[in-house]
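Letter by letter, the chains look like this.
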Amino acid sequence: MPGGGQCPDCGSTELVEDSHYSQSQLVCSDCGCVVTEGVLTTTFSDEGNLREVTYSRSTGENDQVSRSQQRGLRRVRDLCRVLQLPSTFEDTAVAYYQQAYRHSGIRAARLQKKEVLVGCCVLITCRQHNWPLTMGTVCALLYADLDVFSGTYMQIVKLLGLDVPSLCLADLVKTYCSSFRLFQASPSVPAKYVEDKEKMLSRTLQLVELADETWLVTGRHPLPVITAATFLAWQSLQPSHRLTCSLARFCKLANVDLPYPASSRLQELLSVLLRMAERLAWLQVLKLDKRSVVKHIGDLLQHRHTLVRKAFRDGTAEMEAGEKELRGRCQGPEQGKEEVASSSLDLPEGKRPASPTPLLPPCMLKPPKRICPPPPVSTVTGDENISDSEIEQYLRTPQEIKDFEKAQAARQAARSVSNPP
Amino acid sequence: MARAPRALSRAQLQLNSRASPFPPPLLTVGPPPMEEEQTYLELYLDQCAAQDDLAPPGSPLLSPIVPDDGYIPNTSNSETVFNSHLQEVKGASGHFSSVDLSFLPDELTQESKDQSVIRSKQDIEENCKTQSQQSRLSLPREQDMGLGLINDSTLSKSHSQAYPGDADSVQPSPEKPNSTPLMSITPMTPVTPVSECSGIVPQLQNIVSTVNLACKLDLKKIALHAKNAEYNPKRFAAVIMRIREPRTTALIFSSGKMVCTGAKSEEQSRLAARKYARVVQKLGFPARFLDFKIQNMVGSCDVRFPIRLEGLVLTHQQFSSYEPELFPGLIYRMVKPRIVLLIFVSGKVVLTGAKERSEIYEAFENIYPILKGFKKA
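In the order they appear, the protein sequences are chains X and A. When the letters of the first sequence are read in order and numbered with UniProt numbering, they come out as residues 1 to 421. When the letters of the second sequence are read in order and numbered with UniProt numbering, they come out as residues 1 to 377.
If we strip away everything but chain A, and leave its shape as in the complex, we get (with noise of 0.2 Å):
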């Protein structure tokens, strides 16, 4: 078995391009070369020789769909060599359990899994490669472009920067065509080790967005006529409107313009936004629905350890600001990506300020080593 990972030629990289990264599963686009598979397969598992903390087989979000159960333990093999973080990822799989996977289309949970995970994990795969390469400070944008995920333009532009952590709860499925044995069996070497990810993922609590209704409205009539709309123009000029679904509230001004906030998803806050739109439409006004713009989200996680926020201060001076006897957490104004964190001594952080979601998450994967550096105090 040769050593040295064979050269694919871009063509074939690119016929391979919906195939992933890890090893030749059993179900292939043309003919099985079982030969071909087998060796890629023992360059795995002498690579990944060394590595242990291997997940454990029936966890059921690292494998999902399964159809030879004896593949398992090779494709868990796999993993760590593309993501070596896994040790550390593993170390908190107990995480996983309560990972958020909502920003990932649903399609994963039923039938047509494999394309968007071939997918995703492609994406998860030149994530990792580029977050070594690129001090995971700016997680390429490109990579949205290319991944179509099901049905979903909108979906896959916040849900392609595929959060590595969530890649492994993703796991192969092995019904994939031909995989791409370059990119996988190719050591990449990392400049920074990847093993700094963290597994927890940011969950959204808030959207607020705006939009331009482009017509000038009566507010008394839409309090007279609407059921769900308050209205009291000595407190505030505007009606404030609420749906039940999804669970939003709205101030809607007299110049047509209007605020929507209380979504826990960008496309929740859209489809939102429209139901008030139709709402305001019905009422007998010319409403359309111009220059949609998501203008803060919220998110919040727990990294599960207590944090010395003193400690915290002390180095980081020049972003952090500590005040106990104002506010029981430290005020953390990250420059790239601006975004400001709450951090509190439970662990908990809340991160707000971002206009996209991968604003959150990349926050986050900053703030997370530096937390860990004041796990033992």
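So here's chain X without its partners, still in its complex pose (with noise of 0.2 Å):
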């Protein structure tokens, strides 16, 4: 737009105001040349402050995003950030955020609920890389209910029609026990204390395998069982110096939070390594115990796939045959003996151990808390005739409406009287 202005360059009158990232130009149309410079403007700077602007506010493309979903992405970053997670993990854990908000549902909701989908769609990024982040961790970084994580996790993942493949045990272990600090002497962590990283990941991978295996890990938290392996594998590594140190002030030294079930969890690890170590020939004339197990477990660790199988028969071939058994009765004893000539075979006479325990999860060979007797068989129809007394038990007599109102009058009474305006 010519306005009286002359190129310094070429002298031509044809001057043009141009924007270029929004900061308005004068260029000359035939040469090119700038001739003035507007101050770069944003929304909230003056004369006085050049202030230079990051690429997404000049572009603009946050005035379609509302606030609170700018600051929803914002916290996204932040938490990629405080994680650690590479850069790429960013970007979808943005962009889940932003599909989460096309649903009218999720723009509706309490800024608590958002917050919480800040961490979902992190949770979700990671885990579809197979990185182990666990929902307790997201939690705490947010400061969140885990029941609230949970029914927003729940909700996300049926909205968006995601497929989140599971927490990935290995992974987890290893990022778990490398956070122990147990790898360097401090002055709290006596020298006998310290323990090498790899050998101490490696036993305790060994021994998730072996729980995952036995069923203890499956319908479980994975963590306490992590926490466990994690105690069981630093112990027995040098288990004259460790067998007096106790899970919770294992879990204090090494600056980790001890989750509850973590101590039945260790019960149970001990009571299937019992086991395994009765199958073993060199093991089974020591008598051992809970705590004399722990000296012994890298040799069981070793051999621990035949152990298993020797020390655990399957259980639901053990509830066929015990069905067998009812049914046929002709079988049973047979299989019987077999199986108690079997045992006292691979064992010196007069050293049986128990027979094979079944496996299965604990839940299963505990014994029932009630037996829930069959429910009666019920001959109702739905259409039979209802009798007046059976009605007229379930209503109050005149009588007993006068005295209801009389005492619900005297405890308003009470009431009033004792919180008084």
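These aren't lab readings, by the way, just hints derived from the structure by calculation. A portion of the hints provided could be inaccurate.
To be verified - Straight-line C-alpha distance at most 25 Å; calculated BS3-like pairs for lysine-lysine:
#  : chain 1 : residue 1 : chain 2 : residue 2
1  : A       : K227      : X       : K406
2  : X       : K406      : A       : K220
3  : A       : K257      : A       : K221
4  : X       : K310      : X       : K290
5  : X       : K295      : X       : K192
6  : X       : K158      : A       : K355
7  : A       : K375      : X       : K366
8  : X       : K199      : X       : K290
9  : X       : K406      : A       : K282
10 : A       : K375      : X       : K310
11 : X       : K402      : A       : K221
12 : X       : K402      : A       : K227
13 : A       : K372      : X       : K366
14 : X       : K197      : X       : K252
15 : X       : K158      : X       : K113
16 : A       : K348      : X       : K366
17 : A       : K336      : X       : K158
18 : A       : K372      : X       : K310
19 : A       : K220      : X       : K402
20 : A       : K282      : X       : K402
21 : X       : K369      : A       : K348
22 : A       : K234      : X       : K406
23 : A       : K221      : X       : K406
24 : X       : K402      : A       : K234
Owing to the predicted nature of the structure, the values given are computational and were not obtained by experimental measurement.
From these two lone chains plus the hints, build me the complex, please.
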């Protein structure tokens, strides 16, 4: 728009007002020389504040995005940075958040839920890349309640139709074990307690695999199992010095929170190891208990595959066998004899361990708390006559009504007296 | 003895429609043709020659009232003809003692057993046939109409989806009229082996139903006049009423709508809802009983073996959700029928979201072979 200016280079009067990244400039349309440059203006800068503006602000892409969504996206990026995730994760998580925000149910949700949604998006991204991030960690970072988190998580997975793979146990073991502060001597960690990281990792992995095989992991939170396995691995690497240390003290030393179920997982793992020890020839004579078996964990792990097979018969096979007995009544005694014979074959006489226990999850091994009686067969048709007396029993007599009203009034009076206005 | 089955005309089949599909018993309608009986019998025995694992004659569930003891082995033979899954079932016959037969009408334990047994068996046989043909995803409904189980049109609707597994336990009492030899002899060539029937019946634990009493209610008055009512308007805007028989709880709203929960069967739910309506009536409101509808049914059962949930979530990703950090069970959302199943490592299964009893049974029959695949870890 020619306005009386002249280009200093070529002298033409064809000056056009153009803007370059929202910076208005007067440009000569003949030679392209920039005659004047305007000040970079943004929504909140004035003459004195010549501040650098980020690309995202200058392009106006955030104008369509609501402020709460912007806040949420910023939170997603912050969370990814805190967790030190690769940059590709950040983009994926942001994309998930934006996708979720398109749904009206999410847009109208409470701030608490939007906050938790940030964690859900990051968690889903990590799961899809097999990055071992637990929900507990995310909730702790967001100061969120696990119940709220779980509800939002299930909702968003369903809403976005996502396929979220399971938590990768091996990776979680590596990450979790690395967080134990036991690999260097420090004032709180005596020298005898320091352990080599690789050795501990490999042994913990083997113990966790063993737990998985013997039904200790399915249906349970994975972290307490790993804590118990780490503890056992650490103890077994130098049992003479470490048997005196308890699980709680171990976690305190290692600067790791002790999850509540870890002690019962520890007991379960020890009982599995004891069963296996009963099948190992040179350990049978030793009459091990839950403390002394720790010294031999190395041996047990070395032969764990054969030992598990020998120590535990297949739980289902044994149940089927039991039923066949019930049914046939002819094969039963023979089967029983067979089992006894085989078990006595691989042992010296007089040293027969208990017959193999079934390989079942602990919840199936415990006796049922209460036996539910089968419900009586009911002959209700739904259209029977309802007797008046039956209904009368549920109604108050007029006298009772009066008494009840009196009592209620008295209670109201007492309440208003005790809470003076 | 002819190997090929004799072709019965349609009329004959209809005539014999009341009869069981099993070999002709000693008591028959009309003059019993002993020779015919024998040939059919031999046919059965030949066909069953390869099958083992017969039920013990002494098992009470498998052989109800049997007039002629000597007949039992033959009848059990015949069972295996139709229900070749019996082997499977017998494998689980230990379960029979705990099998829930409550869905079958009580007449089975009383004198008029034979009729219902016949009808249920006919139904079962058709079920098995159709099961094998239709890969068990949708049991035909028209059987409900045909089967008028004694006394109960309502019962038959819910019960006539007679469970093949259960069929074995309601096994033949030989006091049946003429059999339908063709239906029994014709070798059914199942597309999918009938051996996948599980023999376990899910037990109903809870029924939620709604009904419209069609009149505005004064909740304060109801709470005052009824002993079994609680009303706390600050907490919830409905009266919570309970009755002892059937043991249920109802939420009664001031609009006249009512929700009834806690019943163990559809009929009990209906009876309970009627009792609540009667209570409201007695309190002086012109309550009616409109639009009774079962909204949700919850069932549970036990497959008796541990299940590798991690494996199940891998193979059935699109239906399953397993988050051990949140919940110990696997949530399986079945598409057909639209039922949600909670599957636990101990083998216990909870099925919910059904509007009909048959949906629960169908869902369990669909999930059982999948779970069996994860039996041997």
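Hint-by-hint comparison with the structure:
no. : hint               : result
1   : A:K227 with X:K406 : 16 Å, holds
2   : X:K406 with A:K220 : 15 Å, holds
3   : A:K257 with A:K221 : 16 Å, holds
4   : X:K310 with X:K290 : 20 Å, holds
5   : X:K295 with X:K192 : 16 Å, holds
6   : X:K158 with A:K355 : 23 Å, holds
7   : A:K375 with X:K366 : 20 Å, holds
8   : X:K199 with X:K290 : 22 Å, holds
9   : X:K406 with A:K282 : 23 Å, holds
10  : A:K375 with X:K310 : 19 Å, holds
11  : X:K402 with A:K221 : 13 Å, holds
12  : X:K402 with A:K227 : 13 Å, holds
13  : A:K372 with X:K366 : 22 Å, holds
14  : X:K197 with X:K252 : 18 Å, holds
15  : X:K158 with X:K113 : 16 Å, holds
16  : A:K348 with X:K366 : 15 Å, holds
17  : A:K336 with X:K158 : 18 Å, holds
18  : A:K372 with X:K310 : 24 Å, holds
19  : A:K220 with X:K402 : 14 Å, holds
20  : A:K282 with X:K402 : 18 Å, holds
21  : X:K369 with A:K348 : 15 Å, holds
22  : A:K234 with X:K406 : 21 Å, holds
23  : A:K221 with X:K406 : 15 Å, holds
24  : X:K402 with A:K234 : 24 Å, holds
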